[in-house]
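K.L.:
Protein chains in written order, with this note's numbering: chain A, 1 to 405; chain B, 1 to 253; chain C, 1 to 300.
I should point out that these hints are in silico values taken from the structure, not numbers from a laboratory.
Please read all numbers here as calculations on a predicted model, not as lab measurements.
Where a beta carbon is used, it is the ideal one built from N, C-alpha and C, also for glycine.
Hints may be right or wrong, so weigh each one.
Unchecked claim - Quick look at which bits of chain A chain B covers, simulated, 3 or more residues with Cβ under 8 angstroms:
id	stretch
1	256–268
2	277–284
3	288–300
Unchecked claim - Examples of chain B residues lying across from chain A (beta carbon under 8 angstroms, computed):
id	residue
4	SER73
5	ARG88
6	LYS126
One-letter residues, chain by chain:
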Amino acid sequence: MTEQRAESKEQRAKNTDKKSPGFVLRPLIIALWLALLFLPFRGIKDALILFVMLSILLFIFRALSGYAKTLTEKFNGIRQSVNISLETVYARSKIPQFVTYLLLFGFILSVPFFAKDYFIDVLILAGIYVILAQGLNVVVGFAGLLNLGFVAFYAIGAYSYALLNTKMGLGFWSALPLSVVLASFSGFLLAVPALRLKGDYLAIVTLGFGEIVRLVLNNWDSVTKGPNGIGGIEPPYLFGMPLGRLSYYYYFILAFVALTVFMVRRVYKSRTGRAWVAIREDEIASSSIGINTTAYKLYAFAFGAFWAGAAGALFAAKMQFVSPESFTFMESVLILSMVILGGLGSIPGVILGAVILVILPEMLREIQLYRMLALGSGLVLLMIFRPQGLFRPGRLSRLAGRANL
Amino acid sequence: MYLLEVRDLTKHFGGIRAIEEVRFRVREGSITSIIGPNGAGKTTLFNCLTGITQPTKGRVSFLDTEITGFRSSSIVKLGIARTFQNIRLFKEMSVLENIMVSQHCRTGAGLFASILRGNAFKKEEKIIEEKALEYLELVGLEDFAETLSWNLPYGSQKRLEIARAIATEPRLMLLDEPTAGMNPQETSEMMELIKKLQELGKTIILIEHDMKVVMGISENIVVLDHGVKIAEGTPGEIRKNPLVIEAYLGKEH
Amino acid sequence: MFVQQVINGLTVGGVYALIALGYTMVYGILDLINFAHGEIYMLGAYLGIIFLGFFTVIGLTAYSLPLALALTFILSIVFCSAYGFTIEKIAYKPLRNASRLSPLISAIGVSIFLQNYVMLTQGATDKVFPHLFEETGFEMQGMTFTYIQIFIIVVSAALMMFLNLFITKTRMGKAMRAVAQDKTMASLVGINIDTVISVTFVIGSGLAAVAGLMVAMYYGLVNYSIGYIAGIKAFTAAVLGGIGSIPGAMFGGILLGLVESLSASYISPEYKDAYAFIILIIILLIKPSGLFGKSQEEKV
Numbered sequence: 001m002t003e004q005r006a007e008s009k010e011q012r013a014k015n016t017d018k019k020s021p022g023f024v025l026r027p028l029i030i031a032l033w034l035a036l037l038f039l040p041f042r043g044i045k046d047a048l049i050l051f052v053m054l055s056i057l058l059f060i061f062r063a064l065s066g067y068a069k070t071l072t073e074k075f076n077g078i079r080q081s082v083n084i085s086l087e088t089v090y091a092r093s094k095i096p097q098f099v100t101y102l103l104l105f106g107f108i109l110s111v112p113f114f115a116k117d118y119f120i121d122v123l124i125l126a127g128i129y130v131i132l133a134q135g136l137n138v139v140v141g142f143a144g145l146l147n148l149g150f151v152a153f154y155a156i157g158a159y160s161y162a163l164l165n166t167k168m169g170l171g172f173w174s175a176l177p178l179s180v181v182l183a184s185f186s187g188f189l190l191a192v193p194a195l196r197l198k199g200d201y202l203a204i205v206t207l208g209f210g211e212i213v214r215l216v217l218n219n220w221d222s223v224t225k226g227p228n229g230i231g232g233i234e235p236p237y238l239f240g241m242p243l244g245r246l247s248y249y250y251y252f253i254l255a256f257v258a259l260t261v262f263m264v265r266r267v268y269k270s271r272t273g274r275a276w277v278a279i280r281e282d283e284i285a286s287s288s289i290g291i292n293t294t295a296y297k298l299y300a301f302a303f304g305a306f307w308a309g310a311a312g313a314l315f316a317a318k319m320q321f322v323s324p325e326s327f328t329f330m331e332s333v334l335i336l337s338m339v340i341l342g343g344l345g346s347i348p349g350v351i352l353g354a355v356i357l358v359i360l361p362e363m364l365r366e367i368q369l370y371r372m373l374a375l376g377s378g379l380v381l382l383m384i385f386r387p388q389g390l391f392r393p394g395r396l397s398r399l400a401g402r403a404n405l
Numbered sequence: 001m002y003l004l005e006v007r008d009l010t011k012h013f014g015g016i017r018a019i020e021e022v023r024f025r026v027r028e029g030s031i032t033s034i035i036g037p038n039g040a041g042k043t044t045l046f047n048c049l050t051g052i053t054q055p056t057k058g059r060v061s062f063l064d065t066e067i068t069g070f071r072s073s074s075i076v077k078l079g080i081a082r083t084f085q086n087i088r089l090f091k092e093m094s095v096l097e098n099i100m101v102s103q104h105c106r107t108g109a110g111l112f113a114s115i116l117r118g119n120a121f122k123k124e125e126k127i128i129e130e131k132a133l134e135y136l137e138l139v140g141l142e143d144f145a146e147t148l149s150w151n152l153p154y155g156s157q158k159r160l161e162i163a164r165a166i167a168t169e170p171r172l173m174l175l176d177e178p179t180a181g182m183n184p185q186e187t188s189e190m191m192e193l194i195k196k197l198q199e200l201g202k203t204i205i206l207i208e209h210d211m212k213v214v215m216g217i218s219e220n221i222v223v224l225d226h227g228v229k230i231a232e233g234t235p236g237e238i239r240k241n242p243l244v245i246e247a248y249l250g251k252e253h
Numbered sequence: 001m002f003v004q005q006v007i008n009g010l011t012v013g014g015v016y017a018l019i020a021l022g023y024t025m026v027y028g029i030l031d032l033i034n035f036a037h038g039e040i041y042m043l044g045a046y047l048g049i050i051f052l053g054f055f056t057v058i059g060l061t062a063y064s065l066p067l068a069l070a071l072t073f074i075l076s077i078v079f080c081s082a083y084g085f086t087i088e089k090i091a092y093k094p095l096r097n098a099s100r101l102s103p104l105i106s107a108i109g110v111s112i113f114l115q116n117y118v119m120l121t122q123g124a125t126d127k128v129f130p131h132l133f134e135e136t137g138f139e140m141q142g143m144t145f146t147y148i149q150i151f152i153i154v155v156s157a158a159l160m161m162f163l164n165l166f167i168t169k170t171r172m173g174k175a176m177r178a179v180a181q182d183k184t185m186a187s188l189v190g191i192n193i194d195t196v197i198s199v200t201f202v203i204g205s206g207l208a209a210v211a212g213l214m215v216a217m218y219y220g221l222v223n224y225s226i227g228y229i230a231g232i233k234a235f236t237a238a239v240l241g242g243i244g245s246i247p248g249a250m251f252g253g254i255l256l257g258l259v260e261s262l263s264a265s266y267i268s269p270e271y272k273d274a275y276a277f278i279i280l281i282i283i284l285l286i287k288p289s290g291l292f293g294k295s296q297e298e299k300v
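Work out the full structure, taking the sequences as your base and the hints as a guide.
P.N.:
In structure tokens:
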């Protein structure tokens, strides 16, 4: 195996050497290959355009990668000699941290005063996703349990509020505890059998569960009204006043987001949170120090589902309409992407991840069509180049032993 | 008084007889070593004792309670702790956090308590942190409390493993090759640590290959070969036992 | 009626089996659930229509239908294999040493990418397979069996037999089995792991291509989303038979096809897609190693 590696190192050296034929040939071959693959789908003209574009792109990439290496080396050198990393400076000095938070909060609180309705709408959606993503963060990030069907709990929360409201006339505040408990309980029910499975299988079972929930919502016409969905859901009432107005709902969601982050963070920095992280790191070692891993994995699922249920109810209350379309596998993937982008297990990271993945597609409305294409390729690139996401958990909260990112 | 009794413990993995009718008893407060050539079934024995593997046949009792087939976390609660041959630390956690989480089964704050954060919770957290620092001092790692555990040098990681086991407040400690990969200096430090643990009242079972350690601190030695116990006795007896010499002690340490 | 459903089941089952083989082979070698595999099947269907359309335009189809079809098959297989090969090199190879989560997410990313790639290049509406052969078949005791069904069953069976021969008798087949058992050892005895992995993807993709093309012929319609559902079902079949086991995938595929067909006609056709999920969950809960798989204990 080392022989193979030595060989390819030679080849790579040859290819970055500008004078060797490999430098020109290789990008061309790759571009040609990809263009050929593209050919049947769009025809010769488009394939030719792709070929040219890819060749240019790959050439630039090749040329830069030589420079990039020396650049990063220099950069790391400077970093090490000065021995400060952005995070440690940030974490050490108290004043900038306080000021940053103040500015941030000030900005967030004042948004409804200067932003357009459309923007507020997007932020409300972002808020709902933050809650959703934090829920998944508990399951995947803290406890390390891969859940590909998280949308099921979201759906249960949403539909239960929808039904409790439209069919039984329950207001938001009375229905919310029920929705949340229902979602949490489903999480528990799914977990009991599912958690006996390891990694990949658990992922598939959760995926299956998510799909089954969606299929039931789609086909159980008598109760869920199938693909038509349920409309006419009432918004929450606060002090007798309906929170239909956008800016009111914005603060409402903000409060919920704050509550979620607050509670999740408290659990993280406690015996339960530590047990979850231990389970994620090494399940056998965890049970060897006395953690009942089965029970704690159940707790993680139930706790995570709790927040998904809350997000669901909030979603239903905001849109005043729910349909199975909002609860597809793609949604589960989206939420998972938020957690991974933010950094598995990192609470601020996941907030950022959720906000980015909600706001970015909206900002790039013109290339809306390519949104999913970008998500797909984004996931691949993220895994190859930065699998740990934006924030590694715990790095901002204490001075870690390493200075490099 | 016998803390641990192992009776006819057997484990088969399909066709492989990992351990076959192993039988021995461990006195409270003693240090026992389990030795044998590689593949003799020593780690499998530990796995059966700690609930990681379910034995095929046989019985294990601890403090006169049957613990055969119990799950790992329950066994730890009853008072048996173990370390792993190839170190299973929680890499992404700091040294201190590793010890804090190891006190899990001796503390009780649940999900709701951690959200509400009443006085009882806060008191418990404080105790956890204090005790963790004490355990670190015991193994000499208190200066590394904030270091990420996988940044520690090998020898320190091994000591952290032991501190983690101590943090579960066990009566019996199973140490799987604690001196593996250590130089003579580190090895004698480890021997000192093990003796200190004994002074603190712990009963210890070691898996070891280093004969100096085995002969130096054990009171009782159990010899396994190909899953079967071929000898048991004091260091003096084992040293002279022809079966043992034939199976294993051919190499001089 | 029952026999009719059995034939339907075998037809669908053959397709599932062909796709399932790709899943099981890749899982056996890389411990990876290749989420993107269903999309290869979908590509096969689309490519079939595209190539056949091309041949029709240049007059080849009118000249000789069997020739056009044969070329369509060959081209679809070649292109899909190329896609599979490329995907492995771009999205999975760099992650071979990463945690288990990374390649899985990458696979999901590729799946999303491919679905939207086809949607953008070919349109979101269904694409129609040229109506070249009438629904000819024959009748027997009041039931109709179309020639296409027979064709699918025969081709599936033949391919499965060939694959079996390949795996058991050829050098490459043995190399594949070796790599699936122990990668390190295999490389130490001189097997080129990269080549074996590439071959695995190529074969799996080729089989999926055939499956896709036959489905396009059978249903007459394709859509960029067929990969997802077929993928899940084929994966279920692979798990049912024991993931990593090639005979398991074949058996699982056929079994799933039969169960689906019979349940749809005797229980409820609306929840047809749900049966696969339900079976999946049930097997995973009762015997995750499937019918032919072996349970694995983790070594401490």
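K.L.:
Now, for every hint given, state plainly whether the structure supports it.
P.N.:
The hints, checked one at a time:
1. 256–268: This one holds; 3 residues, not fewer than the three required, reach chain B with a Cβ under 8 angstroms.
2. 277–284: holds (count 5)
3. 288–300: holds (count 7)
4. SER73: holds, 5 angstroms
5. ARG88: At 4 angstroms from the nearest chain A Cβ, ARG88 of chain B passes the 8 angstroms test, so the hint holds.
6. LYS126: Check failed: Cβ of LYS126 of chain B comes no nearer than 13 angstroms to chain A, outside 8 angstroms.
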